[in-house]
Structures are given as structure tokens and as C-alpha cells.
Amino acid sequence: MSSEAAPDAESSFPQRILSLDLCMDWILAYHVDRSRIAGLSPLHKRYPLPLKLNDWPAHDGSLEQIYQLQPDLILVGEYNALLLRNRLQTLHLPVAVVSLPQSLEQIEDYERSILQLTGLPANLATPAPDEQLHDLPTPRLLLLGANGIGTGPGTFEDQILRQAGWSNYLTDQGYVSLDLEQLVSDPPDALLWAAPDSPSLANRFAEHPALAGRIPEQRWLMTDYWRWQCPGPWTWGLIEQLRQAREVWN
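Numbering (this note's numbering) for the sequence shown: 330 to 579.
Hints listed in this document are in silico derivations from the structure and should not be mistaken for laboratory results.
Yeah, the Cβ is synthetic: ideal placement off N, Cα and C, and Gly gets one too.
Be careful, since some hints might not be right.
Claimed, not checked - Okay, the calculated beta carbon distance ranges per label pair:
no., residue 1, residue 2, range
1, 483, 515, 28 to 34 Å
2, 420, 542, 54 to 60 Å
3, 418, 501, 36 to 42 Å
4, 569, 390, 32 to 38 Å
5, 483, 345, 38 to 44 Å
6, 419, 467, 48 to 54 Å
7, 345, 416, 15 to 21 Å
8, 362, 566, 53 to 59 Å
9, 483, 380, 29 to 35 Å
10, 509, 546, 15 to 21 Å
11, 566, 538, 28 to 34 Å
12, 421, 501, 46 to 52 Å
13, 391, 511, 17 to 23 Å
14, 509, 457, 20 to 26 Å
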């Protein structure tokens, strides 16, 4: 994590914390009391957590409103709200730029850094679960997203699958545009639909009858979709869900 105009460590803990993006919304809602929040970003309403945040303070994303709120700590991910955060810094508001974890090993350190910035004990961070070794061959799982995009090795999501005892159906690195005929001729052992339920065109690939005919219904896995959106302590719960689904192949 890097910090730009972050609060002095010896000053009082921030009491008016504001977020500029979804992942900061979630980690604040997970750890910080509502009374200390000056405003969550507008995104938390579009991508809600399974927490009751309807009455939490929120801002509209405008420079004017954020300045009027006079937060004493503004959290933002390193790739988000670049122009807005630069403007806020020129107005001498305290902006802390946070690097999101790129691996499972970095999640606990990320959580600890947020806790320290917000004046909470670092030992509240959730430790990573012990890695479980599997003697039997690991079944192949396809992580399928919207528009027929699959998630291959070299991704954060791939680390989650492997930690839970699965192997990745895909061998190409990164995010791959899938071929329906290839999937039908060599189907994965299981498929995880990692996109929101909606009747959009983006979901039609997953609904193709040929795919449903080759992968039995019981092999279409279910997890909490929201857990995939941002890395954080909730990622450990996602791994546990996938481990439980993995048990049927033991």
C-alpha cells in the first residue's frame, strides 16, 4: 500500500472516513463502525454486500460534495478515481491510495493495512486458512463469466480454485474467449457460473442447450457471486464454499 497525504500516525484516529470505490466500500463496511463513515461510494448500491448498508452515509462521487463532507481519511484503490483523487489532494484532503492484493498471500497484509489506517487493531485481520493437500487427482473446474469468457491460470481467481482443491479446466493464461464446440467435445468436470443472474445477452453463452446437455445440473456449482468482486477476508469463505463442492469428488 502506498499513501499520499495519509494521516499522521500520531494524530487521533480518523472519524470521518470516505471511500472512492467499491472495494474500499466493502472493507470499510466489514470493519469500521457506521458512525465513523462520512460516505461510501455510489457503487456500493449497485454491487451490494450481504450487509444492511441502506442507511449508511454515501456521496454522489462529485468533488463538490466530497469537499463539503470534509473527510479526515479518503481511501481509494491505486487504479481508481485518478482525476478525482488528484483534485482532492490539491484541496489538501487526506487521500490514502491502497494497493489491492494480487495473490492470496497478500490478503492478510492488505487487511492489516486498512485496519491500521482506520485506527483499528491489526490483529483483527482474518488469517488465511491452512492449505489442504489432496492425494487424488484434482477435478477440472471451469470458471465461466459473462460473454463466454473463461478464467485461466495466472489470475487471482485461478489461485482461489487451486487453493480449494480444483485444477483449472483452461490451460491458456488470463481471460479466455471460450469455444462452445470445444467445451461440448471435452467438457469440464464442473462449471462455476461466476456472473450475476440476469436475462442479459451477456449470459446467453452459459444458457446454451448444448452446454447444459454435456454438463449435468449437479456439476454446475454455486458460490456467493459477490465474493468474487473484490479480494478481502470474505475470500476465505469463497474458498471454503469451493472446498465443500470439491468433496463430492473424493
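Results for each hint:
| no. | hint | verdict |
| --- | --- | --- |
| 1 | 483 <-> 515: 28 to 34 Å | 21 Å, violated |
| 2 | 420 <-> 542: 54 to 60 Å | 59 Å, holds |
| 3 | 418 <-> 501: 36 to 42 Å | 40 Å, holds |
| 4 | 569 <-> 390: 32 to 38 Å | 34 Å, holds |
| 5 | 483 <-> 345: 38 to 44 Å | 40 Å, holds |
| 6 | 419 <-> 467: 48 to 54 Å | 52 Å, holds |
| 7 | 345 <-> 416: 15 to 21 Å | 18 Å, holds |
| 8 | 362 <-> 566: 53 to 59 Å | 22 Å, violated |
| 9 | 483 <-> 380: 29 to 35 Å | 32 Å, holds |
| 10 | 509 <-> 546: 15 to 21 Å | 18 Å, holds |
| 11 | 566 <-> 538: 28 to 34 Å | 33 Å, holds |
| 12 | 421 <-> 501: 46 to 52 Å | 47 Å, holds |
| 13 | 391 <-> 511: 17 to 23 Å | 47 Å, violated |
| 14 | 509 <-> 457: 20 to 26 Å | 37 Å, violated |
Of the hints listed earlier, those the structure fails to meet are numbers 1, 8, 13 and 14, in rising order.
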